[in-house]
Amino acid sequence: MLFASVAIAAAIALGSSASAYAACEKPMTGSDSGSPGLDQILTRLQQHYDCTRSFRAKFTEEISSPGGMKQSRSGKVYFQKVGRMRWEFDPPRRETIVSDGKLVYDYEPDLNQVVEVPVHKAFKTSATAFLLGLGSVRRDFNAKLPDKPPADGLVHVLLTAKGGGDTMELGLDPRSYNIVNFTLTDQIGDVTRLKFSDIQTNVALKSSLFTFTAPPGADIVSPG
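For what it's worth, the working numbering labels the leading residue of the sequence shown as 156, then goes sequentially.
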């Protein structure tokens, strides 16, 4: 549903304000060879997403909870700074989540229901604020390298919000620093895993992707 999905929906929206774009003309710091240290990883991660204005990709999502069954879905995601995104989940569990930068709309066609939530309420954790382009990795998170990173050829880093809350593990492409794998573990032990493919950054996206009009007859729900 909305808050579970939205909590991870910002996974590809890392970055800070448009004022950082001037630095994007400079080559990224660091080397593609060898195993980078934590400081180098954080520098490259922030630099890459400071320079990511838009993004689209395919994704698979797996959600599991302690003692519960795993749920899997797939679809497409689009993002544009600051705070605009669209997630389209494939059948059979269709769902569309759209943020226009002010409101988040979660539409479930099987229920013909739209949940509307202000962005500042939907994305109120440090993790999602950073991922939406509203934060800083060094300021907002405690970071460390995993003790036993997977042997998948990716660069892995663990981020935990300094104020407490969700923990993220990012699996980064060692050349582009795009997020390929993303794992979010919340405070009650629910785990959401995302894998991204066909990643394209800084592409032209139609503004209509980030607008939403409720279908005729749909129930509109606005949680207090």
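Bear in mind the hints are in silico, worked out from the structure with no lab data behind them. Virtual Cβ for every residue (Gly too), placed ideally from N, Cα, C. Hints should not be assumed to be uniformly reliable.
Stated by the list, open to error - Subject to a maximum C-alpha distance of 20 angstroms in a straight line, what follows is the list of computed EDC-like cross-link-like pairs (lysine to aspartate or glutamate): (1) LYS350 <-> ASP374; (2) LYS361 <-> ASP341; (3) LYS299 <-> ASP194; (4) LYS350 <-> ASP295; (5) LYS276 <-> ASP341.
To be verified - Now the in silico label distances, taken between C-beta atoms and shown as ranges: (6) PRO378 <-> THR340: 19 to 29 angstroms; (7) PRO370 <-> LYS317: 15 to 25 angstroms; (8) GLY256 <-> ALA306: 37 to 47 angstroms; (9) ASP307 <-> GLY344: 15 to 25 angstroms; (10) PRO370 <-> GLY319: 18 to 28 angstroms; (11) GLN195 <-> PRO371: 26 to 36 angstroms; (12) ASP353 <-> GLN226: 14 to 24 angstroms; (13) GLN226 <-> GLN342: 37 to 47 angstroms; (14) GLN226 <-> PRO371: 24 to 34 angstroms; (15) MET224 <-> ASP245: 30 to 40 angstroms; (16) GLY318 <-> VAL237: 16 to 26 angstroms; (17) LYS225 <-> ASP307: 32 to 42 angstroms; (18) MET224 <-> ASP307: 21 to 31 angstroms.
Do the hints match the structure? See the list:
Of the supplied pair hints, the one linking LYS350 and ASP374 is violated, its CA atoms being roughly 32 angstroms apart against a limit of 20 angstroms. This hinted pair does not check out: LYS361 and ASP341 have alpha carbons roughly 33 angstroms apart, beyond 20 angstroms. Among the hinted pairs, LYS299 with ASP194 is consistent with the structure: their alpha-carbon atoms are about 9 angstroms apart, no more than 20 angstroms. This hinted pair does not check out: LYS350 and ASP295 have alpha carbons roughly 24 angstroms apart, beyond 20 angstroms.
This hinted pair checks out: LYS276 and ASP341 have alpha carbons roughly 17 angstroms apart, not beyond 20 angstroms. Here the CB-CB span from PRO378 to THR340 is close to 24 angstroms, well matched to the stated 19 to 29 angstroms. For the hinted restraint 15 to 25 angstroms between PRO370 and LYS317, the CB-CB distance of approximately 41 angstroms leaves it violated. Range check, GLY256 to ALA306: Cβ separation about 39 angstroms, and the 37 to 47 angstroms hint holds.
Between ASP307 and GLY344 the beta carbon distance is about 24 angstroms. The supplied range of 15 to 25 angstroms therefore holds. The given range of 18 to 28 angstroms is broken by PRO370 and GLY319, whose C-beta atoms sit roughly 39 angstroms from each other. Take GLN195 and PRO371: their Cβ atoms lie about 53 angstroms apart, and the range 26 to 36 angstroms is violated. With their beta carbons about 23 angstroms apart, ASP353 and GLN226 fall inside the hinted range of 14 to 24 angstroms.
Roughly 19 angstroms separates the CB atoms of GLN226 and GLN342, a value that falls outside the hinted 37 to 47 angstroms. As the Cβ distance of GLN226 to PRO371 is approximately 30 angstroms, the hint placing it in 24 to 34 angstroms holds. In this structure the hint that MET224 and ASP245 lie 30 to 40 angstroms apart at CB is violated, the actual value being about 19 angstroms. Take GLY318 and VAL237: their Cβ atoms lie about 21 angstroms apart, and the range 16 to 26 angstroms holds.
Roughly 20 angstroms separates the CB atoms of LYS225 and ASP307, a value that falls outside the hinted 32 to 42 angstroms. At about 25 angstroms, the beta-carbon gap between MET224 and ASP307 stays in the expected band of 21 to 31 angstroms.
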